[in-house]
Amino acid sequence: MKFAKICKALGDAECRLYNHLYDFLVNPAPYLMKILAVVGTMAMFLVGGGIVVHSVPNSHDIVHAITESVATIPTADVIAPTLFNGVVCCSWCGCFGCGHCRTKSAW
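Taken in order, the sequence shown gives residues 1 to 107; the numbers are from my numbering.
Treat the hints as calculated values from the structure; they're not laboratory data. It is possible that part of the hints are untrue.
Label-pair restraints from in silico Cβ distances [stated by the list, open to error]:
#1 19 <-> 55: 51 to 59 angstroms
#2 15 <-> 67: 53 to 61 angstroms
#3 21 <-> 58: 28 to 36 angstroms
Since this is a predicted model, take the numbers as computed values, not measurements. All C-beta atoms in this analysis are idealised placements derived from N, C-alpha and C, irrespective of residue type, glycine included.
Using the sequences and the hints, build the whole thing.
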């Protein structure tokens with residue numbers, strides 16, 4: 001059923017309420033999709049870096065060494081391994097040619 005027919009069936013107050021609800025839900029949707037695209041891309045790079053780090057022998061020891069070296073900085077011991085995974089994935093992509101880090105369309 002079309003929105004105009006719904007508004008015709010309802011009164012003016014209900015129609016205004018539906019208009020506000022529609023505006024509240026639909027107008028921010030494109031911005032939400034753009035944010036989700038960026039956040040999802042970052043998450044995939046971090047997950048991919050974790051897979052690479054855990055598949056290379058003894059590279060997990062490097063992550064532990066980095067974590068221990070920044071342990072005195074608050075919350076850095078949590079952020080450092082994640083950033084390391086992202087850097088590893090981006091450098092892996094750049095060196096071995098998957099192209100995500102080198103193309104303009106990736107960002």
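Do the hints match the structure? See the list:
no., hint, result
1, 19 <-> 55: 51 to 59 angstroms, "holds (53 angstroms)"
2, 15 <-> 67: 53 to 61 angstroms, "holds (57 angstroms)"
3, 21 <-> 58: 28 to 36 angstroms, "violated (56 angstroms)"
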